[in-house]
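Residue numbers (our numbering), protein chains in the order written: chain A, -15 to 254; chain B, -15 to 254.
These aren't lab readings, by the way, just hints derived from the structure by calculation. One thing to keep in mind: the hints can contain errors.
Dumping the calculated DSSO-like pairs for lysine-lysine here, alpha-carbon to alpha-carbon at most 30 Å [claimed, not checked]:
id, chain 1, residue 1, chain 2, residue 2
1, A, Lys28, A, Lys54
2, B, Lys132, A, Lys121
3, A, Lys61, B, Lys61
4, B, Lys155, B, Lys28
5, A, Lys155, B, Lys61
6, B, Lys155, A, Lys113
7, B, Lys132, A, Lys19
Number of protein chains: 2
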Amino acid sequence: MTRAELSAQILQKQSYLCVGLDADIDRLPRHLLDKEDPVFEFNKAIIDATKDLCVAYKPNLAFYEALGSKGWESLRKTLEYIPDEHFTIADAKRGDIGNTSRLYAQAFFGEMGFDAVTVAPYMGVDSVKPFLEFEGKWVILLALTSNKGSQDFQFDQQENGQPLYEKVMRKAQEWGTPGNLMYVVGATHPEKFKEIREIAPDHFLLVPGVGAQGGDLEALTRHGANADVGLLVNSSRGIIFAGEGEDFAEKARSAAQALQTSMAALLQNL
Amino acid sequence: MTRAELSAQILQKQSYLCVGLDADIDRLPRHLLDKEDPVFEFNKAIIDATKDLCVAYKPNLAFYEALGSKGWESLRKTLEYIPDEHFTIADAKRGDIGNTSRLYAQAFFGEMGFDAVTVAPYMGVDSVKPFLEFEGKWVILLALTSNKGSQDFQFDQQENGQPLYEKVMRKAQEWGTPGNLMYVVGATHPEKFKEIREIAPDHFLLVPGVGAQGGDLEALTRHGANADVGLLVNSSRGIIFAGEGEDFAEKARSAAQALQTSMAALLQNL
């Protein structure tokens, strides 16, 4: 998917919501567990309930790998089921030597047909570039993550005073463009979005870590949005596990609707 | 597997060789391609041909993921086939937020029964610790990798003058011990092994990037070995693709034998 197509979808739906399809088998509604493929049935219902409210879906691959070959089959069917208009992100956080990254890229972009893959930066250029060589596909590079451990290395000052995440963002701009490279920037660092927009004014940011709270969303949108919106805000558990019973899909829709309504209002004021 | 069991195996076999089971489907001998599961048949033959010469096997998961659910089935069968005495490493380079890392740990250690997983450090403490909570299991943390891109971030000087890989190694010693934490240190940085042994005198190092050349192996063993040997030297393509025809397993054995012979000689001189 091109940047223009993604931006058009955002404006049309008045939404920059990404729904995280983290279909943890231990948290699925019980009535699905006797279906042949509970994970796929769950994802299908979530997609039906949210597709007009979001622009992207992001399965975290751990939840599928944990189920072995059966999980990969659920993932494949889920990908097939997601409407073409949606941007699809393999949250894989891969990164390996060149030949191996090329193989991961082939698997996620070629066979599975994802639009984007999250990639870890530690191994540098040859771990990232193979993902950038696929026309119309995207790398979403970990920059400043939403978790507690983001404090351990990502803020470390380099010799020139830059924190590591800034070095990562700047270095990656030698490899990719705003047309094929995004960054992960966690919503748990709202105070950083202004500075991050100075480092990367044009790139899209994938923002995990937003709850149902409007506060964070407002702050990160105010400081993080650019002329093309430039944000994909992800919510996983807050949407897909909003309910636990037979009405889980309705509950998921309500949670997604609340976020989309906030987003529409924020977009009016950009 | 405990550290003592691994060390005993190394001394008994006079080998610290790890064979990388990177069964790239595009490079398998042609006569295997009409078997029902060519990847498993290939691994089976390689394991039979090398098991007395090596102490560990390390499948890189990319080669299995690239084949989707079929690949996971080949991997599962391969793991089952590897003799219990061998140390098994899932070369996965995973690292995600706490809950997700826990799920990966459950998948690799629990369901698949690997002894160790390679983990990427960028996301910090909560991405690594869940892997350390499994009794008798190991994290092998990326420190100084063997690829070109290792130059991009890993050598960056931090404020105190430490390169990033040193910071990663020291920080991780707050999380794990020489009994459940190893480091990846590439053979392409032989001049660094002496310094790395000052940072981590007791930890095992997993060393990728050794070819059939004795030179590198000698230098890294001289500077990198500790009282328990403390090295697992990996060779993947140099062994498993030493031959391309029907005699591929014999060729693989010869390549493994050459490395083991060098290792035995080096062990005598420690």
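Results of checking the hints against the structure:
1. The straight-line distance between the Cα atoms of Lys28 of chain A and Lys54 of chain A is roughly 16 Å, inside the 30 Å bound, and the hint therefore holds.
2. In summary, the hint linking Lys132 of chain B to Lys121 of chain A is supported, as the alpha carbons are separated by about 24 Å, within the 30 Å threshold.
3. Straight-line distance between C-alpha atoms of Lys61 of chain A and Lys61 of chain B comes to about 24 Å, which keeps the hinted pair within the 30 Å bound.
4. Between Lys155 of chain B and Lys28 of chain B, the direct Cα distance comes to roughly 39 Å. Violation of the 30 Å bound is thereby established for this hinted pair.
5. The hinted pair formed by Lys155 of chain A and Lys61 of chain B fails the criterion: a straight-line CA distance of about 41 Å is larger than 30 Å.
6. A distance of roughly 28 Å separates the Cα atoms of Lys155 of chain B and Lys113 of chain A; the hinted pair therefore holds under the 30 Å criterion.
7. Distance restraint check for Lys132 of chain B and Lys19 of chain A: the Cα-Cα separation of roughly 48 Å exceeds the 30 Å cut-off, and the hinted pair is therefore not satisfied.
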